[in-house]
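Trainee: We have chain A; now place chain B onto it with these hints.
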Amino acid sequence: MADEKKSILVLGVGNILLRDEGVGVRVVERLGREFAFSDNVRLMDGGVRGMILMDPIIESDHVVIIDAVVNDHPPGTIYRLDGDDLRLSVAFKNSVHDMDLLETMCCCELISGKRPSAVIVGIEPKDYQSDPLVELSPEIEAKIPRLMELALEEIRAVGGDFAPRSDN
Amino acid sequence: MAGCKTSKMPVTPVGNYNGKVVIDPVNRLEGHLRIEVEVENGRVKNAWSSSQLFRGLEIILQGRDPRDAKHFTQRACGVCTHTHALASTRCVDNAVGVQKSIPETGLVLRNLLLGAQFLHDHVVHFYHLHALDWVDVVSALSASPKKAAEITNTAGLGHRQHTVEELQATQDRIKKFVEQGQLGIFANAYFLEPHASYKLPAELNLIATHHYLEALKIQILPARMMAIIGGKNPHTQSLYEGGITCYDALKPENIAQFKALFKQTMEFVNNTYIPDVLAVAPYYLDWGGIGHTTHFAACGEFPMDESDLASRYLPAGVIFNNDLSVVHDFDPDKVMEHVAHSWYKDGAPKHPWQGVTDPMYTSLDEMETGNTGKYSWMKAPRYDGKATEVGPLAQVLIAYGKGHPRVKPVVDLVLKHLGVGPAALFSTLGRTAARCIETKVIGDEMVAWIEKLEANVAAGKTDIVAPFKMPDSAFGVGFVNAPRGFLSHWIEIEGGKIKNFQLVVPTTWNLGPRSDDGTLSPVEEALIGTPVFDPKRPVEVLRTIHSYDPCIACGVHIIDPKTNETYKFKVC
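Each protein sequence line maps, in turn, to chains A and B.
Numbered according to the working numbering, the first sequence spans residues 11 to 178.
Numbered according to the working numbering, the second sequence spans residues 921 to 1492.
To be clear, the hints were calculated from the coordinates, so they are not data collected in a lab.
Do not take every clue at face value.
[Claimed, not checked] Derived DEER-like restraints, expressed as beta-carbon distance ranges:
no., chain 1, residue 1, chain 2, residue 2, range
1, B, V1246, A, E119, 31 to 41 Å
2, A, R40, B, Q1274, 35 to 45 Å
3, B, G1323, A, E14, 18 to 28 Å
4, B, R984, A, E119, 34 to 44 Å
5, A, P174, B, N1174, 47 to 57 Å
6, B, E1085, A, P174, 46 to 56 Å
7, B, S1064, A, R40, 52 to 62 Å
8, B, P1325, A, P85, 19 to 29 Å
9, A, E69, B, Q1100, 19 to 29 Å
10, A, S48, B, K1328, 51 to 61 Å
11, B, G1267, A, E69, 45 to 55 Å
12, A, R156, B, E1374, 50 to 60 Å
13, B, K1020, A, S48, 43 to 53 Å
Beta carbons: idealized from backbone N, C-alpha and C, even for Gly.
For reference, chain A alone in the conformation it holds in the complex (with noise of 0.2 Å):
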């Protein structure tokens, strides 16, 4: 175990009005009220922000995001991205959100010199473009616990402590 905790960020992302989009706010939720966690954690719904984002990131050593994640693989397939992964991301690429989360981290290493290592839980959406809805869709619905238990993991991996609630 490392002498100093490290800081340590769970974000989740996304945009709850669209289905599928809001996983990774609805995770974060789930965690919140189910866990309890030690001091170096800190828990976050990150909403549809990307340039306010900074401030929590700047602060952090390490960051989990939880987000959606569009890769053409079946809905429900669930990804781990980190290091070399999330730097291919950045750039222009054909995304509708500019400065977003991504790009957030780079421009942290371009103030500060130093870059939160980070690592994405992400998972394939089913829907994210009909109509906007409030509810996952049930396949998503179901992959919430696994989801949970990656972050944990990570959390874990990295120096941070987790206990279910006990009024849970």
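Mentor: Coordinates of chain B only, in the frame set by chain A:
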């Protein structure tokens, strides 16, 4: 163009291209926008602005408790979240009849929260969404940091003192990024190869790049200011009909923190943002004659009485035909939405209270069929039948036209510095300067609001929300003159629930399609005549588009690990 120096004015080069240029999607903005222009002899002859994303927010709100509207509407957009929450809150305030009862301290807190949003959004826009259209980061690598420091320290533009070391450090950092090929946010930028439309000397490019990085740090501060009053950021949660519920914001330590963040932010605005605009503008003075629009509207902002638009610090009003000598009263009944060129079922223009969201997608090809086709998911809002620009330029012009004691001197100072007359304001340059001016005049007034807050807390005036009863049926409207301009939410309540809810957002005013009679929208009008030097890198078109700070409110935030995904960008 009145009063501009002609002998040393830099001229944006005109190419000799003839044909179409399609930019899809437009970068560095929120949302998915497609712009198509027809270029003849190197200048834009015709333009179409198309939003590729269906909104449909109105559908999700039907049947819900009106007080929930703010929580849904603010999740729609990644940039303007709080302004939507405020518009929804105000529209229900109006519907339930509680506007006049909002306690003064509650109003002051709402204004401080919104003021912080302006400080955040305008700084981010200038540096992170607009600057790269004017600033060549690669050129910064060949600058002399010593000469650059001389400019900031002796040119008299108001910059704080810079050291050679800090400018050298930035140059080294950028050099490292470029050499490692980790261009990141600068990848695919137009200045990676020399571009004749970029006019700044290397030293100014270095200074601006240095400030770009500094602004990344600074924008965190107003975001924190918002969290103190808003409860959290993103997606503030303290607004409530009848006032606001952030009792913690009344604590002395939180007010002290708010003040400290505010002071630092305003230092940046005064000693960096404003001087940078003054430094860069002279090199792009011909942009005072590019990006012209004709009619302007603002609903004013920062009320001391939510039921009275006339109580707002920045005034409401409408200007027609570029006539600053007559500022008309703003009349909400004159707002209509046209759908002839939009992907909705046809019908006569409707007032938002009668608005319907009945999508009917046809195809993009209709853009080619002249004036008859449908080509956008946005409706076309019109004021009194006219295509009316909204945003900082509209607000500043209306305040200037009314002789506003804070706005008029700042505008006159900028005009004098540039050696141009007011006619130069109706342009992309004017739009950019107005954003800076708006930041300044709001920030300066926030000092008084903070003093009021402290005085009220000391006097025990700590009520911040008033009670109300939800009526069974009512109509309501909420107006916010947001950082992007005039935003309105319109509600019809029936059985105590939302029966109809329509949002008319500023980007729709500015970047919607043609109206029923074929009148171009403000951005389409502004693009006419724009020189295009290199059709493969149409930065000139982007300068005007970005000057509107478009926010298409996509909300799509998917991470896409596919590599090398660049723009679908063609020269037809």
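Trainee: Hints first: check each against the structure and report whether it holds.
Mentor: Hint-by-hint comparison with the structure:
1. Evaluation of the 31 to 41 Å hint for V1246(B) and E119(A) yields a failure: the beta carbon distance comes to about 52 Å.
2. Between R40(A) and Q1274(B), the C-beta spacing of about 41 Å keeps the proposed range 35 to 45 Å intact.
3. Checked against the hint of 18 to 28 Å, the pair G1323(B) and E14(A) fails, with Cβ atoms roughly 60 Å apart.
4. For R984(B) paired with E119(A), a C-beta distance near 42 Å keeps the hint of 34 to 44 Å intact.
5. Hint check: P174(A) to N1174(B), Cβ distance near 33 Å, so the stated range 47 to 57 Å is violated.
6. For the hinted restraint 46 to 56 Å between E1085(B) and P174(A), the CB-CB distance of approximately 52 Å keeps it satisfied.
7. Restraint check, S1064(B) to R40(A): a C-beta distance of roughly 56 Å satisfies the suggested window 52 to 62 Å.
8. A hinted range of 19 to 29 Å is violated for the C-beta pair P1325(B) and P85(A), which are about 59 Å apart.
9. With their beta carbons about 25 Å apart, E69(A) and Q1100(B) fall inside the hinted range of 19 to 29 Å.
10. Evaluation of the 51 to 61 Å hint for S48(A) and K1328(B) yields a pass: the beta carbon distance comes to about 56 Å.
11. Here the CB-CB span from G1267(B) to E69(A) is close to 52 Å, well matched to the stated 45 to 55 Å.
12. As the Cβ distance of R156(A) to E1374(B) is approximately 51 Å, the hint placing it in 50 to 60 Å holds.
13. Roughly 49 Å separates the CB atoms of K1020(B) and S48(A), a value that falls within the hinted 43 to 53 Å.
Figure legend: structure checked against the earlier numbered hints; hints not met, in rising order: 1, 3, 5 and 8.
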